[in-house]
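> Residues per chain are reported as follows:
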Amino acid sequence: MNKTVLIGISALALAVSACGRKEPPAEVPPPVDQSANPPGTATDDSVDLVELPAMQADLVAKAGSDTVYFGTDESSLDAQAQATLAAQARWLLANQSVRGSIEGHADERGTREYNLALGERRANAAKEFLIAQGVPAGRLTTISWGKERPVAVGSNEEAWAQNRRAVTVVVK
Amino acid sequence: MKPLIVALLTLPIAATAAAQDTGPLEVDVVGGIQAPMAVAVPAMPSAGGGDLAVGRQIAEVIASDLRTTGLFTPIGPGGIAGYSYAQASNPVYATWRSAGAAALVSGYVENNGGRLTLACYLFDVTAGRELARQGFAVNANDWRRAAHKCADLAYSRLSGEQPFLDTKVVYVAETGPKNARVKRIAIMDSDGSNHRYLTAGKATVLTPRFSPRGDKLVYMSYQGRRPRVYVMDVVTGQERLLVPGTAFTFAPRFSPDGRQIVFSMASGGNTDIYVVNSDGGTPRRLTSAPGADTSPSFSPDGNQIAFESDRSGSQQLYVMNYDGSNQRRISFGGGQYASPMWSPRGDLVAFTKIGGGAFRIGVMGPGGGGERLLTNAWQDEGPSWAPNGQFVMFHRTTQGSGNATLYAVSINGGAPRRMPTPVGGSDPSWSPLNN
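Quick mapping for you: the protein sequence lines, in order, are chains A and B. Our numbering applies: residue 24 is where the first sequence begins, and numbers increase by one. Our numbering applies: residue 808 is where the second sequence begins, and numbers increase by one.
These are calculated hints, taken from the structure and not from any lab test. Everything numeric in this text was worked out from a predicted model, so none of it was measured. Think of the CB as a built atom: it goes at the ideal place given N, C-alpha and C, for glycine as much as any other residue. A couple of the hints might just be wrong.
Simulated restraints on C-beta separations [what the hints assert, rightly or not]:
1) G1177/B <-> K85/A: 55 to 61 angstroms
2) Q119/A <-> S1074/B: 22 to 28 angstroms
3) A109/A <-> G1163/B: 37 to 43 angstroms
4) N919/B <-> E74/A: 57 to 63 angstroms
5) G94/A <-> G1163/B: 15 to 21 angstroms
6) P1097/B <-> G161/A: 23 to 29 angstroms
7) G94/A <-> G1142/B: 16 to 22 angstroms
8) A109/A <-> P1097/B: 23 to 29 angstroms
9) G1142/B <-> E97/A: 15 to 21 angstroms
10) Q156/A <-> A1184/B: 41 to 47 angstroms
11) E74/A <-> D1108/B: 44 to 50 angstroms
12) E97/A <-> R1135/B: 25 to 31 angstroms
Generate coordinates for the entire structure from the input sequences, incorporating the hints supplied.
Following this line, the structure appears as structure tokens:
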């Protein structure tokens, strides 16, 4: 009987047609910013945001801070945040050659995708305030880091308060 | 780059008749946690008495797979005797009864010319009869897949559920400290083998999700400091921006037919849900309520989309028709609810529940009833279904360190099982069944 089984396996082999998955490339693909997107598409370097550390330091020195803070699950700007943003707006108006990327962050107590939305909400609140202070909207962009970039690593209220923030990053 | 082919072979004795036989040997996966069934998995002989190593390795993979289901206690291959090639399809039941087994997975391996054939048999030891048989032919290097198929045969026949063991997992591999974490997309077999990285870690990446055929991923990347959704071909590594331009897009998932991708786009402090053809085109807006509408997930028939929204003032689960009509809230259990994912069986929606300072994984019916929480830790989030709708994978974050680890839990209860990743992991996506 086992002989029969063996013959049967060979005789009744049915190749499954829809199984053309191939072995993956042996090497890790190149870094994503060298990807296959051709020049001129939206992932071209022309839309990338490049940081300017010296100018960033100047913003912090002149405006007092590049960061404003928020309450839990909040995106409203308190008096201190408004004062900081007003000083940032004066610096941006005095430095016309650069742009601001307003980067919103959330603490770790929200779920990943909600926090991405929350970070955008915070970045937008800061951006709108800067625009109201006279900074041209075309010089400002927003991005959200959600909970991906904490500055304080604890799991406590003090750390969370530092992480609920919007940072004005000077870019070219 | 050889094609990976699993040929399904019909073994000559009427396997279909055996498979349709609803005998007494069934594990109950509906009625809660049962005592696991003892299944003997001895080392398999080789046809012609050749190399025995692969037959033992295959039995080890089968035993490991069966253990991970939580329904079986495998016996062997270590510590029990093997059997002869002649006994592969004609077992000495008394031997396995005395070993304490209720069922037996046996078979044999035939290896010729770089191809490996696994003949897989399942027996009811107590009743002394065959329950199922199937042959699997693979490239010899892919012997693990033949083992997974054999384990799926046994699992499926004994549990009455669809197979899920021959699957992959894609996730975000995490290394480095909490404030400088490196995140790379990684892919592995669902038992942790064949692990490799798909991105290099220069740009932060989030939420990779399989296409319904498992050949593509959709995910979010911060490359160029612009967070946006990309589609990647798993085989070639080629990637493509989903929505041209600099719009902030995130939370992507494929539709069940793979032809569309539903995602969130945020602008001006407002996040809405859009859908776009997976090969490009103009996104169509599905929601417009003020607030954060995100984490969309299609129903398996493609007719509805579950999502979360804070339009009521707190994060809650909603369901809408595929065109955005008839948006209605389904979560009313107190606390907040996030990241819904519709079961591939359609009968449940898995979610993250936020309350009491913790995140827990739970399931409820798509109409909102029958909520059950499956986990209890500080922070469990991001559920992803096994293709048979019986298990949910998620990631658990440790308070303080922020280190994240993948776990899988049965929807029927029991302790979550830690997934074997070489580094920390988050945002898992369980693949469809390999073909």
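> Between E74/A and D1108/B, does the beta-carbon spacing fit 44 to 50 angstroms?
With a Cβ separation near 47 angstroms, E74/A and D1108/B satisfy 44 to 50 angstroms, so the hint holds.
> Starting from the range 16 to 22 angstroms, see whether the pair G94/A and G1142/B falls in it by beta-carbon distance.
Check passed, 20 angstroms falls within 16 to 22 angstroms.
> Does 23 to 29 angstroms hold as the CB distance between P1097/B and G161/A, or does it fail?
Holds: the Cβ-Cβ distance is about 25 angstroms, inside 23 to 29 angstroms.
> Quick one: are G1177/B and K85/A within 55 to 61 angstroms, going by C-beta?
Distance hint for G1177/B, K85/A holds at roughly 59 angstroms.
> Okay, A109/A versus P1097/B on CB: inside 23 to 29 angstroms?
This hint holds: roughly 27 angstroms between Cβ atoms.
> Can the suggested window of 22 to 28 angstroms be confirmed for the beta-carbon pair Q119/A and S1074/B?
Holds - the Cβ-Cβ distance for Q119/A and S1074/B, about 25 angstroms, lies within 22 to 28 angstroms.
> Just to be sure I understand the hint, the distance between the Cβ atoms of G1142/B and E97/A should be within 15 to 21 angstroms; is that true here?
Between G1142/B and E97/A, where Cβ atoms are some 19 angstroms apart, the hint holds.
> Is it true that the C-beta distance of G94/A to G1163/B lies inside 15 to 21 angstroms, as the hint says?
holds (20 angstroms)
> Is it true that the C-beta distance of E97/A to R1135/B lies inside 25 to 31 angstroms, as the hint says?
At roughly 27 angstroms between Cβ atoms, R1135/B and E97/A fall inside 25 to 31 angstroms, so the hint holds.
> Does the beta carbon distance between A109/A and G1163/B stay inside 37 to 43 angstroms, or does it fall outside?
holds (39 angstroms)
> Does 41 to 47 angstroms hold as the CB distance between Q156/A and A1184/B, or does it fail?
Given about 45 angstroms between the Cβ atoms, the range holds.
> Could you see if the CB distance from N919/B to E74/A stays within 57 to 63 angstroms?
The hinted range 57 to 63 angstroms holds for N919/B and E74/A, with Cβ atoms some 60 angstroms apart.
Violated hints are absent here; each numbered hint is respected by the structure.
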